[in-house]
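Given the structure of chain P, go ahead and fit chain B onto it with the hints provided.
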Amino acid sequence: MEKIATRKAYGETLKAVGKEHPEIVVLDADLSKSTKTNIFAQEFPDRFFDMGIAESNMAAAAAGLAIGGQTVFMSSFAVFATGRCFEIIRNSICYPNLNVKIAATHAGITVGEDGGSHQSVEDIALMRVLPNMSVYVPADAVETACMVRYMAEHDGPTYLRLGRSGQPVLFDDSYQFEPGKFHVVKDGKDVAIFACGLMVSVALEAAELLKEAGIDAAVINASSVKPFDKETTAAYAEKCGAVVTVEEHSIFGGLGSAVAEVLVQTKPCPMEMVGIKDQFGQSGKPADLLKHYGLTADAIASAAKKAVERK
Amino acid sequence: MASKEYLTEMAKKIRCDIIEMLGKAKSGHPGGSLDMAEIMAVLYFDVMNYDFNDPQKEDRDYFVLSKGHGAPALYAVLCEGGLIDREELGNLRQLGSRLQGHPDRKKLPGVEASTGSLGQGFAVAGGIALSMKLNHKPNRVYAVLGDGELDEGLIWEAAMSAAHRKLDNLVAIVDHNGLQIDGANDDVMALGDIGEKFASFGFEVFSVDGHDIDALKDVFAKAKEVQGKPVAIIAETVKGKGVSFMENNPSWHGSPMSDEDYAAAKAEVEG
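Taken in sequence, the protein lines are chains P and B. Each position in the first sequence, counted from 1, maps to that position plus 245 in our numbering. Each position in the second sequence, counted from 1, maps to that position plus 164 in our numbering.
Chain P with its partners taken away, still in its complex shape:
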């Protein structure tokens, strides 16, 4: 299967929407070659601003540019774009509900060799808790492009979570993104696996393993973490009677928490959470790190079996 990094799809789509939308400006904090905003910068040098290694000022300046009428995309690594800038995003972007898009790359542990200081496993939690903020976690390059296009054409603060490593391309040109709508990538009746980002492709592998074990698993791409798709979540909990969540993020505050929050209030059922278990990452090759932290098809299949047994 073809692999493309979502950050690459981001940079290329930015360039495309930049042509149609002269109001778009892009800010980066000295990482444009890594975040791929350099693709936009080469095409539109006057609308690209390298803000230097000063993420806080980048976020505040983004707010000011939005007040001036621009649609602003700002990029850095997820750990800095959300963590370092958190209170500026809160008070200067979300509180006044300004049109700033935070497209953060290098999210999760598949950053790899740079290690735990650079591997954000808390960014979904930080962004999801902010009023007015939307949170999108694309599963592949196609979905990334659809989300970037959507963000360019709709007002309001949005967080887009992108990865460093190549991700399998799951969708074709017919894919359409709609906020608050999950996609059932593979239907099933015994257990519902809700995944986002890179883990959607790994969940699909897990579904194959489960099939061999006689378990018919549904795989749902929960890419619109906020607004959330309560209807699909409750419907699949009811239909399958067991749920697994999978994310390259802490099991605290991310997709797993969002699913649990909805299910306890709608269709409570046995649920297992696959994700980073209250710890930091470390250096290593992305594939080795996924294995070390239990983010593999085997681990997802085990969690699914456990959930099914608890029915």
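Calculated directly from the structure, the hints in this document are not laboratory data. Fair warning: there could be bad hints in the mix.
Claimed, not checked - Label-pair restraints from in silico Cβ distances:
#	chain 1	residue 1	chain 2	residue 2	range
1	B	D346	P	P376	25 to 35 Å
2	P	N377	B	V352	33 to 43 Å
3	B	K190	P	E398	41 to 51 Å
4	P	Q524	B	P302	47 to 57 Å
5	B	V352	P	E288	46 to 56 Å
6	B	E434	P	D291	19 to 29 Å
7	B	S415	P	D359	46 to 56 Å
Note that the structure is a prediction, hence the values are computed from the model and not measured. Cβ atoms here follow ideal geometry from the backbone N, Cα and C, with glycine treated the same way.
Only chain B this time, still in chain P's reference frame:
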């Protein structure tokens, strides 16, 4: 050009409004609101291109109150300009009010940036100025900063950025009253030579008596002439100016007034 007499009268009205608001709210920041009265009067009624009848006007100058706790001074000037009804001043800090404890652009027309978390307003002002430059628009951006606010690292990130982008449409006015919540700047976090710091970051720097109407008019006129770099005006002020028992007293940064305090303060500013 507004006359000195008119602007002096406006500054007096602004002080009266501030005391009325804070006295009724029994909450808020008198010291750092009162000391901005002349700066606000000169900016809004003489310097800025601003139409109170059309606060969203395309070519308006932008005002950002980076020291958001001085909100009553901003509300007072908006009231004197007719954007806020006088009766509404009594709603400051009350549930459902447009006059939030710190300025909220979603609630009140005339508030350009939601501020209050120190350091951010100046950086947002830099973003607005950058937007105007990008679109080749003549609008200027005025930001009032507290001196205690200069402790924030973000101020200096924003200063570096404004100079790098040659934002000569951006004017930072530092309300230098020498005091912050816990005491004197020099005791809490010594600022050194503020003007020198901004100059070393690439700003054109002016100093002014922040209560002298003529001097303020003059310094803002000079600021308009500066090309190729942003401007910092260090305005020497007296915290609590106009109310003798509040002047230079850090305990009046954010203390509520008793009924007696309110009556005494009202008599002084109206006097």
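Outcome of the hint check:
1. D346/B / P376/P: 25 to 35 Å: holds, 31 Å
2. N377/P / V352/B: 33 to 43 Å: holds, 34 Å
3. K190/B / E398/P: 41 to 51 Å: holds, 47 Å
4. Q524/P / P302/B: 47 to 57 Å: Hint holds: Cβ distance 54 Å, inside 47 to 57 Å.
5. V352/B / E288/P: 46 to 56 Å: holds, 48 Å
6. E434/B / D291/P: 19 to 29 Å: Roughly 53 Å apart at Cβ, these two residues miss the hinted range, so it is violated.
7. S415/B / D359/P: 46 to 56 Å: holds, 49 Å
When held up to the earlier numbered hints, the structure conflicts with hint 6 and nothing else.
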